[in-house]
Amino acid sequence: MSAFLQQLPALIGVVVGALGSYLAVVRSDRARFRQESAVRWEERRLTVYSDYARSLKASVTLAYRVAAHFGIDPHPHPLAPREAAAARAEAGLDRDPAWEALLMLGSGEVVERARAWFATVLAMERFLRGAARDPEAWRALLERQRAARTGYYTAVREDLALPAGHGARRPLPPVSDIP
1 MSAFLQQLPA LIGVVVGALG SYLAVVRSDR ARFRQESAVR WEERRLTVYS DYARSLKASV
61 TLAYRVAAHF GIDPHPHPLA PREAAAARAE AGLDRDPAWE ALLMLGSGEV VERARAWFAT
121 VLAMERFLRG AARDPEAWRA LLERQRAART GYYTAVREDL ALPAGHGARR PLPPVSDIP
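Residue 31 in full-length UniProt numbering sits at position 31 of the sequence shown, with consecutive numbering throughout.
You can take every hint at face value.
Here are the simulated lysine to aspartate or glutamate pairs, EDC-like style, with alpha carbons at most 20 Å apart:
#1 K57 / D96
#2 K57 / E125
#3 K57 / E112
#4 K57 / E143
#5 K57 / D94
#6 K57 / E90
#7 K57 / E100
#8 K57 / E83
Between beta-carbon pairs, the in silico distance windows are:
#9 R30 / A119: 41 to 47 Å
#10 R34 / A132: 53 to 59 Å
#11 F33 / A89: 40 to 46 Å
#12 L11 / V39: 40 to 46 Å
#13 A3 / E42: 55 to 61 Å
The set of hints was computed from the structure by calculation and includes no laboratory data.
Even glycine gets a Cβ: it sits at the ideal position worked out from N, Cα and C.
Go ahead and model the full structure; you've got the sequences and the hints to work with.
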């Protein structure tokens, strides 16, 4: 029995060491799982944010092209409103599921900025359906749209902890300079 008592401290040390090792592995696995899960969700959010931006940008491009048809935008590929109708409907159908995904996964700030961008795009479309063809009013809508898009991208970058990006502002030629 005295041999057992002499080895008891060593046996207790082995048990404590094994238990400590097990707990360290479990804790490490949990931390890795949480980190991998966070990365997966960030990737999904980035995809959702990109899909929504792409779907809304399709509507914006159609608006530019229709405005060019009316002579108030410098877009190089004018498109008559009748010819744009099917593409507008398709863009709307693509945008709806992208919006729903954004509502599910997006942060509150990103959703609000997306809503503001969308409202501006709707204002552009209403303007083009109306009778007014004022180039200055169109330019004001373009500036609102660009500011709303920038706000959306800023909110996305903040939500995903990305560095600030390019403002994507490029000078547009005046409508009168277009051949």
